[in-house]
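Listed here are the chains, written in short residue letters.
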Amino acid sequence: MRFLAVTVSLGAALLVMAAAPSYAAGGDAIFKKSCTGCHYTDGPAKEKTIADQLAKKGPELWYAGSKFKKDWLVAWLQNPKPIRPMKYNSLTDSNKGDHPKQSAGDAAATADFLMGLTSPEVKAGVITPKSSPQAKAIFGKKMPCGGCHEYGKKGDVRGGKSGPSLVGASKRLNPDWVNAYLANIKVFKPVRDMPDFSSALGQKELESVAAYIATFE
Amino acid sequence: MSRFVITTTMALGLALGAAGSAQAADAKQVFDFYCAQCHGVNGDGKGVNVTKDFATDPRNFTNGADMAKRSDEDIKGVIKDGGPSISKSPLMPPWGATLTAAEVDGLLAYIRKFAK
Numbered sequence: 021m022r023f024l025a026v027t028v029s030l031g032a033a034l035l036v037m038a039a040a041p042s043y044a045a046g047g048d049a050i051f052k053k054s055c056t057g058c059h060y061t062d063g064p065a066k067e068k069t070i071a072d073q074l075a076k077k078g079p080e081l082w083y084a085g086s087k088f089k090k091d092w093l094v095a096w097l098q099n100p101k102p103i104r105p106m107k108y109n110s111l112t113d114s115n116k117g118d119h120p121k122q123s124a125g126d127a128a129a130t131a132d133f134l135m136g137l138t139s140p141e142v143k144a145g146v147i148t149p150k151s152s153p154q155a156k157a158i159f160g161k162k163m164p165c166g167g168c169h170e171y172g173k174k175g176d177v178r179g180g181k182s183g184p185s186l187v188g189a190s191k192r193l194n195p196d197w198v199n200a201y202l203a204n205i206k207v208f209k210p211v212r213d214m215p216d217f218s219s220a221l222g223q224k225e226l227e228s229v230a231a232y233i234a235t236f237e
Numbered sequence: 034m035s036r037f038v039i040t041t042t043m044a045l046g047l048a049l050g051a052a053g054s055a056q057a058a059d060a061k062q063v064f065d066f067y068c069a070q071c072h073g074v075n076g077d078g079k080g081v082n083v084t085k086d087f088a089t090d091p092r093n094f095t096n097g098a099d100m101a102k103r104s105d106e107d108i109k110g111v112i113k114d115g116g117p118s119i120s121k122s123p124l125m126p127p128w129g130a131t132l133t134a135a136e137v138d139g140l141l142a143y144i145r146k147f148a149k
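Quick mapping for you: the protein sequence lines, in order, are chains E and X.
Numbering of the first sequence is given in this note's numbering, commencing with residue 21 and proceeding in unit increments.
Numbering of the second sequence is given in this note's numbering, commencing with residue 34 and proceeding in unit increments.
Simulated from the structure, these hints should not be mistaken for laboratory data.
Certain hints may be false.
[Unchecked claim] SDA-like mimics (lysine to any residue), calculated; alpha carbons at most 20 Å apart, straight line:
hint : chain 1 : residue 1 : chain 2 : residue 2
1    : E       : K162      : X       : V111
2    : E       : K76       : E       : W92
3    : X       : K85       : E       : G160
4    : E       : K90       : E       : E141
5    : E       : K90       : E       : A71
6    : E       : K107      : X       : V74
7    : E       : K90       : E       : H119
8    : E       : K89       : E       : G188
9    : E       : K162      : X       : K121
10   : E       : K90       : E       : C55
11   : E       : K161      : X       : W128
12   : E       : K90       : E       : A144
13   : E       : K107      : E       : V177
14   : E       : K206      : X       : V74
15   : E       : K161      : X       : G116
16   : E       : K77       : E       : P120
17   : E       : K107      : X       : Q62
18   : E       : K173      : X       : T89
19   : X       : K113      : E       : A220
None of the values given here were measured: they were computed from a predicted structure.
The shape of chain X in the complex, shown without the other chains:
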């Protein structure tokens, strides 16, 4: 993302005042903060939480064949409601009460890019 866009979004965020919590953050920052702890900064599923006790490997987003099986709606749904919402592991947490709709959209696009 260009510096201009970031500055503009930041200024907008400021203008919106206290209401705009974390909304102006870009997708890489959001992914690195919330998702990389399990999925890894490179999206390969090798985050710091994935020790020998971790029962299910977090999805490897760089695997294009696997990722192609999922629709955008599925991916957004699993981010918001967690693994069990699509009969997957509960180790994938529900983020719906934490992230804004715009942040989820940003994450979807960001995750898709790992497979390209």
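Isolated chain E (complex conformation):
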């Protein structure tokens, strides 16, 4: 009985901590006013069915602080160039690049807020950016990554269009998040049109691919 009570109160304390990230004053208010119509920031993932995913107007941001690099985020919020070649959740219309723009001040405050939203699944300091023959072969030949993702090759953009473009991923994505995402995709996106590769590839292979993507210009 006592054990149960301790466990429950510990759980409750953890919940309170998880629900109260630290962020600069202002950013959360700006977000609530201009962004919550299309993005949710309270994790864990809410999508259970394909219909849930298709009903979303924009990507979930509850782990934004683990996923993005802050410099990129501050710049992108002011000048949001398309990330996904196609319109969100569409396989027929292209992305018009009409994401709302923020002022420099609002972007900085919002980025502070978003960078406070992290996921304990993402272990820091595991991945160092590095290209390797093994990772190149996985990305380009053994696995269909390039079939759904754009990537740069000799100054040219190649690859498929259904996934987010990986051109410039070195500046945009935290390599430790990419590693956690590939190893445990269901935590971040329980319903998504990218296959779960965690059984097709081993841990070392996934790490090498994350390190390789972290070099993408």
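We have chain E already, so just place chain X on it with the hints.
Showing chain X alone in chain E's frame:
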């Protein structure tokens, strides 16, 4: 699929609660979400990913002669384990860790219908 069946499956899905992720979806929805990006909504192999860089054309499911050469087990196997499992292109991804057995069965029946 009739509205009644969908409603019933949805209610069942709800009753099963958190455990039943995406299980109640019907085959067209599953195909359009996961497969149409390469195979096209009409199964003709002309999905949005098939640009000039795409090394191997995704199978055209409307070609009855080609599809007749494959057994149901082969098709289910390639959906679960990807192209290389039957010495085909790795551009056909492995979906075994993503889809349930019931969804794979549904896809098999749905793909077969394109050739009829």
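Going through the hints against the structure:
1. E:K162 / X:V111: Roughly 15 Å between the alpha carbons, so the hint for K162 (chain E) and V111 (chain X) holds.
2. E:K76 / E:W92: 24 Å, violated
3. X:K85 / E:G160: This hinted pair holds, its Cα atoms lying about 15 Å apart.
4. E:K90 / E:E141: The hint holds at about 19 Å.
5. E:K90 / E:A71: 32 Å, violated
6. E:K107 / X:V74: At roughly 17 Å apart (the allowed maximum being 20 Å), V74 (chain X) and K107 (chain E) satisfy the hint.
7. E:K90 / E:H119: 18 Å, holds
8. E:K89 / E:G188: 12 Å, holds
9. E:K162 / X:K121: Distance ~11 Å between K162 (chain E) and K121 (chain X) Cα, so the pair holds.
10. E:K90 / E:C55: 18 Å, holds
11. E:K161 / X:W128: 17 Å, holds
12. E:K90 / E:A144: 15 Å, holds
13. E:K107 / E:V177: This hinted pair holds, its Cα atoms lying about 18 Å apart.
14. E:K206 / X:V74: 25 Å, violated
15. E:K161 / X:G116: Satisfied, since the Cα-Cα distance of roughly 12 Å is no more than 20 Å.
16. E:K77 / E:P120: Since the Cα atoms of K77 (chain E) and P120 (chain E) sit roughly 13 Å apart, the hinted pair holds (cutoff 20 Å).
17. E:K107 / X:Q62: OK: K107 (chain E) and Q62 (chain X) at ~19 Å, within 20 Å.
18. E:K173 / X:T89: 19 Å, holds
19. X:K113 / E:A220: 11 Å, holds
Consistency with the previously given hints fails for numbers 2, 5, 14, ordered from lowest to highest.
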